[in-house]
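The residues making up each chain are set out below.
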Amino acid sequence: MISTKALIIIILLILISPVFGIILADIVGYHEPLDVAAELLGLKDIGEEINWTPFFDYKVPGLPDVIGYIISGFIGVGIILGIGYIAYKIAGGMKRKEA
Amino acid sequence: MHIPDGFLDIVTIIVTYAIFIMYLAYSLLKAKGISADKISLATVLAAGIFATQMLNWPLPGGTSLHFVGGALAGILLGPWLGFLTMFLVLFIQCIVFHDGGITALGANVLNMGIIGVLVGYYIFTVTNKVVREARKARIIGAFLGGWISVIVAGIACGLEIGFSPACPYGVCVTVPVMGSWHAVLGVIEGIITALVVDYIALKAPHIIQGVGVVHK
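In the order they appear, the protein sequences are chains L and Y. So in my numbering, spot 40 of the first sequence is number 40, and the numbers just go up one at a time. So in my numbering, spot 196 of the second sequence is number 196, and the numbers just go up one at a time.
Calculated directly from the structure, the hints in this document are not laboratory data. Heads up, a few of these hints could be off.
[As the list claims (entries may be wrong)] With the Cβ distance kept under 10 Å, some of the chain L side facing chain Y (calculated, not the full set):
| no. | residue |
| --- | --- |
| 1 | 14 |
| 2 | 17 |
| 3 | 18 |
| 4 | 33 |
| 5 | 35 |
| 6 | 43 |
| 7 | 50 |
| 8 | 57 |
| 9 | 61 |
| 10 | 72 |
| 11 | 75 |
| 12 | 78 |
| 13 | 84 |
| 14 | 92 |
For each residue, glycine too, the CB sits at the ideal point set by N, CA and C.
Construct the complete structure from the given sequences, taking the supplied hints into account.
So, in structure tokens, the structure goes:
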């Protein structure tokens with residue numbers, strides 16, 4: 001379903017992603033502008049009261065941010081590929097039925 | 001461009017959710033019977049866009065730049081499957097990583113999944129009809145599609161935030177701020193979109209959904 005070349009590119013992107021998402025962000029003091037604006041305006045984030053995910057903000061509890069970011073990347077891509085694989089199998093099954 | 005929780009009022013939340021749910025239902029109907037190969041391509045593209053969006057380039061001054069991918073999805077997969085691809089990315093980001101608020105999911109899908117994909121797709125299509133030379137057409141079309149899709153999505157984001165009573169700044173402030181900032185950042189989106197579309201058109205032209213000129 002996915003070529004080796006595409007998979008390697010995606011894995012490389014995930015592996016280098018903390019350089020941008022965590023390390024450089026810390027160096028330049030980056031925070032998501034709309035999140036900063038929400039904080040300044042005193043807006044309520046529903047996630048602070050009801051947290052439905054352990055991977056809040058691409059972090060994994062108990063792990064350093066850089067490792068958590070990479071694992072989050074693999075979790076996200078894994079879920080997407082899993083959903084895609086199910087859809088792929090359903091589409092393949094429907095085609096076989098029509099034939 | 002991911003709107004967090006708290007920004008939108010209840011009316012905006014309901015309207016944007018209603019639009020995205022209806023659009024999702026219609027897209028699923030349009031995508032019915034689609035080939036397994038197309039689903040495979042959409043899945044790989046969704047995974048690629050998700051991974052690319054994690055490369056958040058922080059810029060001094062407190063903002064950042066990351067690839068959105070709506071125009072690319074529209075150009076490569078067409079408006080319906082392109083939307084479903086972006087929806088999958090945005091849904092996983094929101095539900096699994098709380099990237100973008102749950103109350104703002106409708107607005108975020110509307111901005112990046114519907115507007116971003118449609119604007120990119122139609123600009124690419126029109127450009128390919130207007131410009132005669134195939135390669136020039138696809139590069140210009142993909143660049144303009146990527147760039148303008150981000151600007152329009154940014155303006156939509158500004159409208160949603162500006163109209164909400166939770167935000168003290170009206171649309172007179174939020175729309176120019178979001179529109180002008182995304183006009184600058186969108187240039188990079190346009191360049192990446194053009195490079196990827198040109199590369200794919202050269203290597204595997206059959207997967208480009210746009211008009212016939214790219215198949216020459």
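Here is how each hint holds up against the structure:
1. Because the closest C-beta pair between residue 14 (chain L) and chain Y is about 5 Å apart, less than 10 Å, the hint holds.
2. Restraint check, residue 17 (chain L) versus chain Y: the minimum CB separation of about 4 Å is within 10 Å; hint holds.
3. Taken as an interface hint, residue 18 (chain L) checks out: its beta carbon lies about 8 Å from the nearest beta carbon of chain Y, inside 10 Å.
4. Annotation: residue 33 (chain L) was flagged as interfacial toward chain Y, and the flag holds, the nearest CB pair being 5 Å apart, inside 10 Å.
5. The interface hint given for residue 35 (chain L) is met, as the beta carbon of that residue sits about 5 Å from the closest beta carbon of chain Y, less than 10 Å.
6. Given hint, residue 43 (chain L) at the interface with chain Y, holds; its Cβ is 3 Å from that chain's nearest Cβ, closer than 10 Å.
7. For residue 50 (chain L), the suggested interface contact is upheld, since its CB lies about 9 Å from the closest CB of chain Y, less than 10 Å.
8. Taking 10 Å as the C-beta contact cut-off toward chain Y, the hint placing residue 57 (chain L) at the interface holds, the least distance being around 6 Å.
9. Checking residue 61 (chain L) against chain Y: minimum C-beta separation of about 13 Å lies over 10 Å; hint violated.
10. Residue-level restraint check for residue 72 (chain L) holds (minimum Cβ-Cβ distance to chain Y is 6 Å; threshold 10 Å).
11. A cut of 10 Å between beta carbons decides the hint on residue 75 (chain L): the least distance to chain Y is about 7 Å, and the hint holds.
12. Taking 10 Å as the C-beta cut-off, the interface hint given for residue 78 (chain L) holds, the closest approach to chain Y being about 9 Å.
13. The beta carbon of residue 84 (chain L) comes within 3 Å of a beta carbon in chain Y, closer than 10 Å, and the hint placing it at the interface holds.
14. Interface hint at residue 92 (chain L): satisfied, since its Cβ lies 5 Å from the closest Cβ of chain Y, which is below the 10 Å cut-off.
Checked against the numbered hints given earlier, this structure breaks only hint 9.
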